[in-house]
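Asks: Now for the letters of each chain:
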Amino acid sequence: MKERIEALGLSASQELNNAQSLQEIEALRVKYLGKKGELTAILKQMGSLSAEERPVMGQLANAVRAQIEEVIETRAKELKEAEIEKKLIEESIDVTMPGTPRSVGHKHPLSIVLDEVKDIFLGMGFKISTGPEIEWDEYNFEALNIPQDHPARDTQDTFYLSENKLLRSQTSPVQVRVMEQQEPPIRIIAPGRVYRSDSVDATHSPLFHQIEGLVVDKGITMGTLKGNLADFAKKLYGEDTKIRIRPHHFQFTEPSCEVDVTCFRCHGEGCPMCKGEGFIEILGAGMVHPNVLRRGGIDPEEYSGYAFGMGLERLVMFRFNIDDIRLFYENDLRFLKQF
Amino acid sequence: MKLSRKWLSDYITLNVTDREFAHAMTMSGSKVEGYEKEGAELTGIVVGQILTLERHPDSDHLWVCKVDVGQAEPLQIVTGAQNLKEGDIVPVALDNSVVSGGKKIKKGKLRGVESCGMLCSLEELDLSIHDFPYAVEDGIFVLGDDCDKTLGMDIKQAIGYDDTIVEFEITSNRPDCLSVTGLAREASATFGVPFKMPEPKVSAKEGNVSELLKVRIDAPEKCYRYVGAVVKNVKIEPSPRWMRERLRASGVRPINNIVDITNFVMLELGQPMHAFDLRYLDEGQVIVRNANAGETITTLDGIERSLSPEMLVIADANKPVAVAGVMGGEYSGIKDDTTTIVFESACFNGASVRRTAKKLGLRTEASARFEKELDPNNCLMSLLRALELVEQLGAGEVVNGVVDAYPSVKTQTKLPFRPDYINEFIGIDCSREQQIKYLNSLEIEVKDDEIIVPTFRGDLQQQADIAEEVARLYGYENIPDKPLEGVAGGYLTEYQHFLEDTNNLMLSLGLSEIITYSFISPKAYDKINLPENSKKRNSIKILNPLGEDTSVMRTTALPGILQVLAHNYKNRNPEAAVYEMATEYEPWESDDELATETPKLILGLYGADSDYYVLKGIVDEYLNKIGIKSMDIRPVKDNPSYHPGRTAEIIVADRSVCILGEIHPKVLSNFEIGTRAYVAEIDLNSVYELRSTEKIYKPLPKFPSLKRDIAVVCDRSTPVLQLQRAIESAIGKNLESVKLFDVYQGEQIERDKKSVAFSLTLRASDRTLTDEEADSAVKKALKALAELGAVLR
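Order-wise, the sequence lines are chains A and B.
For the record, in the first sequence the residue sitting at position 96 is 96 according to the working numbering, with numbers rising by one throughout.
For the record, in the second sequence the residue sitting at position 629 is 629 according to the working numbering, with numbers rising by one throughout.
Some hints here could point you the wrong way.
[Said to hold, decoys possible] Sample of chain B residues at the chain A side, in silico, Cβ under 10 Å:
# : residue
1 : K31
2 : E371
3 : P480
4 : G486
5 : G547
Read the hints as simulated data drawn from the structure, not as lab findings.
All C-beta atoms, glycine included, are put in the ideal place defined by N, C-alpha and C.
Next comes chain B alone, as it looks inside the complex:
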């Protein structure tokens, strides 16, 4: 909401600077976003009069003028304009002045003739023909009689272009503040300066409106009130400067007197108005009704719109003439030859207007106001104000009387006045008298123990609402700070600790945290090579996405991390090691369920120091540290996103908790990652459930250990894990550890064989093992290995 301080001063006298005004209004609850002086960048432009006008000696289109700018000597200025004559009063940009767009004007020569400044058009003043309709479009602005013609006067002052415009952020609960008078009321309460709502006076004596106009409301639940009046012998012309100025400062373009009056009243009193041409209102009948199925209307913007039965329309005896509260129809609008008009000042149900506007895709200034629920008690006064302005501007003859359909009069809300409750709730100590004073300053009456809320304050419905009114005028800043008292345990849950541990482990294992979008493109599933019938393609779709790229909720975090690896690869980061705690979203099975949101830990690596085993080392260490005591690992050959020979899954207690491997080269190429990349996906819920946090101290060994190394040759396809398990079960409890230390394939061995070397540590907990015992343990191990086809090398 743009507020003109000049306009405000029509209702309330404030002696404060713009800055003080903005700050005080903000602190009392009307938030100022900013303020600016009109024409702030224009400097050094004054009123001047053309004394003489002569042809430039060397040009057939330039003129040399002598201009009186109130100084001792007239200035010589060269101009290319063709609309001037001697005696004209014009804006003169002097030497070293600044015009619109920050353009500097300096003394200079034009084709050899000295020019001490520039004569300005409206454009150079940052104005347009709408602000001064009598000006010539492509010429110098010649000041009319509505301007101050004192020579040498600053042009902004002379033409009334020196207002301050204050931009307010008005929240949706305060449609009353979307008006100059509403803000004047707030300013009055803020500064303790009186404000009285002006009462419009209409002096119409001619005719009787009820002979010309009939109003019927067929849908009273959607139209609270409809007031109409008629003006005859309308003379469409530009409105006077003071009105144009107010509109301009409010960001509304002046059009003509009638349209300007409707806008002026809306800005002044907050009530949207509409004007029809009575000629096109069949039988002079206004019917406020639901649209009929199949009805259409061409709105003022020239677009034909189909209406549906839940939409409220203003109709005449035969057809809709306006979409109620949204926009009028083109057919019945004000034309240049309009002579008799109907002014409408009505009040509609907010939700209904909002639904209609949304459905038509047509949000207007009027609909934006109506949807916030306006006060039907404001309709009549606004209409009278419009009629008063018609008379004041001489725009037509007001027909006597108004037609007022008001099926159910809105009454004031009454609430108990509870000053003690307010003090307790806010945490202040404010006397009953002071509280009443605050409320009265907002036109809220207090009688005995009852608060009477004016109908324009629909937002005041309960005690908390009243408390806010008191608090904001008391000043939020003046409320004493109180510490939060009482004992409360602030701690993380076990699960939150688990997540925190997971984060810390990832960081200490050298991975950096990433955060990616939860929504992806459906094409991402193609990029990760998912088959057409994959269940993972069934993702939740956003009904109103910003674009395809962010249109479905991911069922897998894989594309997100690959995108990050791709971004880093493209930006020539030589290596990457990243992780994300990513949620995956599975669709609901029935409409009364929400989605399943599953937290995943996903890791990704590429670069010189990365390979499958580096990834596996990280995963092993994480699972081990987080409390997974034993696990199995199996090769995975059929995951379409991963390399079939370099991928595995980790099984804990028969549940697959992790897939890890090298990304399939096709997928890498889809993401334009030009190097091998490795990803692990860990199901956090499974890990959380399957982990054990129990730790029991085991006494340190008292007896020495013995080491034995063995190397066996076996088929290349024999998994090392199988050999290791065989050794473990063959030796049993005296085997402290078995570590793989070498795998060899090559010249010294048969072609499809490999040599695998383990280092065994043997120890008994109750005695020193003898060499013989150790040797016999190794024998057992070798025997078990031999059964797997692994023979001593």
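Just chain A, with the same shape it has in the complex:
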């Protein structure tokens, strides 16, 4: 019996080591160690052995079983690893092929720059205000020191909706609305759509966007206006940006100015984009006219303020080198997807 057990162990090891698949190993495990397996069969005959032989044979059989089990485990592990290796090789793919698209949408270029401007002013402690696009003549003009029949109305060809209602030609009426509703200190920007009766061409659109700004507090000066707008320009266009401020006239500010920034292309050297000036005009500004403060219920002897307004389209066209304003409103995806 001893010989049979040892021979069995030997042949099992041999067969197992020759096995080429996990199935084969499983078959061998059943063949040798299964309920009807060969080792089991031998052990069943243990009853016929003497009392002395039984423990010896039992021990031997268990040792052989353990040995076979070990071989099974080792061989199975080897085969499993080989199988994984093989599978990995088979599973190779062309990793250079394009990825499956998971696309996010594209923000409109006007919104991209507007969001930057909002962020900058929010960081300076401004809030964002809005007002109606369909506005009273009173708010769009008269409250801003532009009475009926005033020639300053010529610079803004206005769409009228009735005797006293119009499509706002500027975001400035929001200034008046804010002053009516809020006590100083005031710090707001008011972005939005404005309308002028300009025929459409590469640089004109009957609808465009402005960003209005208003600061009212004690001790606000032209110096604050300059400092604040210089700060804004640096944040929008980079630390090396300078501003240049020139006198101008707006009915609702006094003194008034126009603000230029160093040309984005040539950084002040002079180039075709800035017509050799080195500067590009980006906004109009000024100290809020005392008549406008009074109209807003604010005492000009106690408070002062400044206001500014810029055209968003202009900022965006310079930023992205866009030469035709109509592209903004056509919404061609070949255009939008560039941003």
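Dock chain B against the given chain A, drawing on the hints supplied.
Replies: Chain B in isolation, oriented as in the chain A frame:
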């Protein structure tokens, strides 16, 4: 405003280049738009004299000339002109020169004869007969005695065509700067160089004007002043070169001496002038009055215009002879046989002139000036200047005296002088003396603590105005920057955050942002298939639209987005997924209200990866993420813009917040979109109000879940949502989720039935569910489904 630097130099001496001049004037408040040298493109053209003139041997119209251009040898030049004779002084374009239009002139042969240049006409110098009235229209320009005839001299210098023209943008508050002297005053303050207004001298001794002319102002609120003078024995002829030159440089065409004088004075002093023929002024009477109803006048441009009573006219004893401040009448205008003229120098109310000009559709140089409110104190001096010029030009005999109707003399504005306030307001530290110096340089007097504003500066009315004068001469650039101080909270409101979240969700769901016009064509409502009686057709109309396409304010954002889809379809973009935050405008109900402006979120899709369910998936995800916790959905069959079988509305708390669906094929065809398109319109205000931003953490499940799949067969028309709701209410709280995973219609099932398969996840929060419990839950669900006619497959 075009300013001739030569003209400016008649009043003020500046030693600065054009560039320096332009920059300094801009920085002190007179904005220069640009400047150019006259005849800048003309090069290599000189004064020459025709020595000999012979017929070309091979031509019956060409001439061969020998021309002395101040060089050692005369040049041989062939010309086709027929107006020349020996001895004539002419412009000669030499070899390699450039004439008008950038045309290059080179040596060459004309019918075999060498020609070393070209003789020039006025046109080739970029000039016209108006600049040199004695020239021949279609011939070579023969220089007259008003030109420098030095042979070889550059032609521009010789004929006075070498001015620099500086273009100013003069804002509406500074009509005083619409004149050479006004700008000279500004230049004087800018460069610190003295300027003194010249005083006109008239030497008339003959007659008495009051015997010839009477003036009466019947509407003093509209006519502040009217000054008139008479000139007899007028000789109409061209004005001299220096005057023509000044006018040309200012962009005004020279006509004749009298007209040129009125224009010259307007440009020089800013005061519009008018000249009448005294013959046609009945009874020599000028009455400034409102027009009578029904009156008409034919203006100088030959158009008959009906007048209305709010319009101010200059009339004689019987009829209007001019629309005050706008345009004169044709009948009483200066003719070639005019012998006695009336010069008018008047001042009218700006708003009145503006209203009249607008109503007549007649904006003139004069009306554009008057409407900015001119200074009545400038009238007399301007008239005297015109008379001085009449005498200087020998254009006629000035009758002694002027008629001056000036009912209410305009006095100077006086303001307290507050140098400290100015420093504080601007943010500078400028001494009282320096401030006074700045103000004085602008002819603003300071006496003790009082500022006396000259009447030509009507824009200076309060302290802020004075502060600006100081600031701009101090130099805006020299004002020290000051940071914005103090604490202020910059943050978005809850609503602004909501809009920002909405934008970000749309972008992350793969939609691109579009921006469309707020106004549309009324025809757009036809294109989206709205019935004739639809309330949405009632939109706000623009009274003065650019065209029909942009004439009404949209009551729906649908046409806008469809237009964008159509544009992209037409341009062969294979797919589109876009959204807009669009405002819709509803008309006011009563005149004391503004419009209702409603923000909408509108989404549009087309292309291979788009269908109704893709759209619905986007809408569901958006509403879910923005905080809409529960909603109902109902089919919509009667929206005329949408497909009746593929459209739904989403209801939240009994409010319809969204319509979504496939666009009706008729509408697609109206927009020429050749593929199915899908649109959702979401009412942002409703979503904002109905959403909940509250989030409360729910503990993660501690016990395992069980899955059960069920498939039932039901009528095709039974909505899946109904089945799902039945399952939910039948099982109750142990149902964690129910997901549709298959809908089948086809061979294996009866014709009008469908098979619907759900996957249920069951879980209890306090224990492990047993299989028996799960099975019993499924049974309950099936029972509920059976009541809807859905039986286990």
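Asks: Which of the listed hints are not met by the structure?
Replies: none
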